[in-house]
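Protein chains: 2
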Amino acid sequence: MSFEYKQPDHKLTLIPGPIEFSNEVLASMATPSQAHTSPEFIATFQSVLQSLRKLFKSTDPKTQGYVLSGSGTLGWDVAASNLLNPGEKVLVLSTGFFSDSFADCLRVYDANVDVLTADIGDVVPLAKIEEQLKKEKYDAITITHVDTSTSVVSNVEAISQIVKKVSPETLVIVDGVCSVGVEDLEFDKWGVDFVLTASQKAIGVPAGLSILYISERALAKALNKEKDTTFFASLKRWTPIMKAYESGNGAYFATPAVQTITALKTSLDEILSQPVDERFKKHAQVSDNFKKTVEQDLGLKILPVNHDVAAHGLTAVYFPENINGPDLLKKLSEKGFVVAGGIHKQLVGKYFRVGHMGYSVYAGHVDKLTKALKESLDELK
Amino acid sequence: MSFEYKQPDHKLTLIPGPIEFSNEVLASMATPSQAHTSPEFIATFQSVLQSLRKLFKSTDPKTQGYVLSGSGTLGWDVAASNLLNPGEKVLVLSTGFFSDSFADCLRVYDANVDVLTADIGDVVPLAKIEEQLKKEKYDAITITHVDTSTSVVSNVEAISQIVKKVSPETLVIVDGVCSVGVEDLEFDKWGVDFVLTASQKAIGVPAGLSILYISERALAKALNKEKDTTFFASLKRWTPIMKAYESGNGAYFATPAVQTITALKTSLDEILSQPVDERFKKHAQVSDNFKKTVEQDLGLKILPVNHDVAAHGLTAVYFPENINGPDLLKKLSEKGFVVAGGIHKQLVGKYFRVGHMGYSVYAGHVDKLTKALKESLDELK
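Chains as they are written, first to last, in the UniProt record's numbering: chain R, 1 to 381; chain S, 1 to 381.
Please note that a few of the clues may not be correct.
Any copy will do: because identical chains look the same in the list, a pair fits if it lies in one copy or spans two.
What the hints assert, rightly or not - No farther apart than 27 Å at their CA atoms in a straight line, the calculated lysine-lysine pairs in the DSSO-like style are these: (1) Lys292 - Lys281; (2) Lys371 - Lys11; (3) Lys243 - Lys345; (4) Lys225 - Lys243; (5) Lys243 - Lys330; (6) Lys281 - Lys189; (7) Lys331 - Lys350.
What the hints contain is simulated information worked out from the structure, not anything from laboratory work.
I would like the entire structure built from these sequences, with the hints used as guidance.
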């Protein structure tokens, strides 16, 4: 970080991403220009790629991280175009809007997609997954770790165990956009093959980066793919670049987002300054506490009725029946808090979503929001 | 901009992108979090999309600008996957490394590519282009406005005139990565169909944005394409989003890079604070002056011998015969200037490149670099 910076007072963005950023992360965004192959930036990018290994608890040197300019969505294209050949079969576990969109992306690349859809606000039962994997042979399975539309967290470890037991060749692809940095994800141990995430959620950096992590066998498939179906999202093209930067050398395929990657280094340094399990525990505590307060003190209903499947980075709350949703969001905005509307197709207008990830969890923003929410409800009664 | 910021002293990055940024642009990168659908960010993005029309001198309301998270390279995928169907014919005018890479991208999407290659440091002769267009029917022609590897600027207006005369149905696709913001580009008047560019060159914003501009007929082709071949780079998916933001409404397909787009607003406001032709003239003056000094005062040879085809945003200079290239770059670095090595496959190691775009042109960086270059050469004699 090149200077002391204290961000001005502003409305707190407590949506499930983009989240609030630390002063140090924002200061890093204002880093003066550096050449993408300068020693300074190479050291930054090297640190980022090494830190990703720690974040994913991966010690296998044959796994590989990637940071591309793009959004979380780009990660779907990377998975679809690099890990699958046209016609290959994919089992999509759908826990909401984002799972379904991932399925749309897979179909664009001619994957043969089957979808197992969970009940709204629930996960796909493990028994159903096992049954389906026994019935059909799949080249890959996709799991939306946390579907931001429903606030449901899937049990990646348990699902992956079933895959290993029933259909070990099936690649395990995890959409970790709203989970990485808040929910535990043990890449090697759980046998995950590919995780895609983005910068603007629990990783705590402004939007603009697609962050990926791949296993040895998934990478081998990508590198040996006969027919390329993407240029910008091609792992064949990006792998030597990432390996170069991680080993301390510059390389060029497309210009990296120097400032945002510098901010990513700052945020990953902050995240890894304590054991990551401490971070996950802290998020779970704040989340559990917020959910309890919302239900017990404020008398509101939250979306996953079964708290075992409720994500820890956000809370989806039904609007109370006697209150007009937009009025509540407006009240909160007047009090300086931005929360998100609901986006699940069947529930639009019926609920709102509060993000509690990263900086906000440590800076006490959630307590302030809780107070504002209580006041707003009282005023609207 | 939310605060006063003066960037610290640092090595000046005078490469053909990323360029140096203004204090105001860097301050905008540190904008506190805003929701991507907040009124604040919608106003920012609306302004950006409206400003792009002015930058491209377009008054046709049926043209459309796009700003995606990505790099310049992503623009090639957008062109290849949205404007062409597999098997369609493309004539690539190659003036260097980047033209050839664009051709590689087009082939990934199964375009049928013919390449007309210019002599190194020259453009493809207009007569040769006309002859080829008469010989074969092309669905599109690609022009690298400025190929950063050779510092050659193509005459987009003249080429487009030939296309209109000989083969008016052919889409005119311009790679403006190293031209937009420094070379004139009259989108409507010249009959251009698609321009792709990036944030980190003459547009003056940190890397991370792919910036696109499309004509009515090219957009119609993209929207009516039968088979989608990309998800993240799909204009079918992005067009309603950009139209919404430009008309002052939020919309969601993938999370936009809020901070970098805010910096883009700041930079476009700076660029449009004077008539753009004044900006182009200023860049031409600084470029002509630098080239003259390098040749006449320093006795060095520059790459395009014919100055009529020399780009104005950078200068490619051969290392003098009696001096070791890396030594010269090291000297310059010690004096606080970062310039770029050469990347044309046939000339690697034989030349270096100096970027003179945007903030550096106005802040007197080029004069300082000239002095350091003279001193370095003297010391290495």
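Exercise for the section: Indicate which option fits the pair Lys225, Lys243 if close means a Cα-Cα distance not exceeding 27 Å: within, between, both or neither. Expected result: within (19 Å within a copy, 37 Å between copies)
Exercise for the section: If the cutoff is 27 Å on CA atoms, where do Lys292 and Lys281 land: within, between, both or neither? Let me know, please. Expected result: Intra 16 Å, inter 64 Å, cutoff 27 Å: intra-copy only.
Problem - Up to 27 Å CA-CA - Lys350 versus Lys331, copy category - result: within (17 Å within a copy, 65 Å between copies)
Practice task
Could you place Lys243 and Lys345 in one of the four classes (within, between, both, neither) given a Cα distance threshold of 27 Å?
Solution key: between (41 Å within a copy, 22 Å between copies)
Handout entry: Within, between, both or neither, where Lys371 and Lys11 count as close if Cα-Cα is 27 Å or less
Key = Intra 15 Å, inter 48 Å, cutoff 27 Å: intra-copy only.
Exercise for the section: Can you give me the call for Lys281 and Lys189, within, between, both or neither, at a CA distance of at most 27 Å? Expected result: within (19 Å within a copy, 60 Å between copies)
Practice task
Have a look at Lys243 and Lys330 and pick one of within, between, both or neither, based on CA distance no larger than 27 Å.
Solution key: Only across copies: Lys243 and Lys330 sit 25 Å apart there, 48 Å inside one copy, limit 27 Å.
Of the numbered hints listed earlier, not one is contradicted by the structure.
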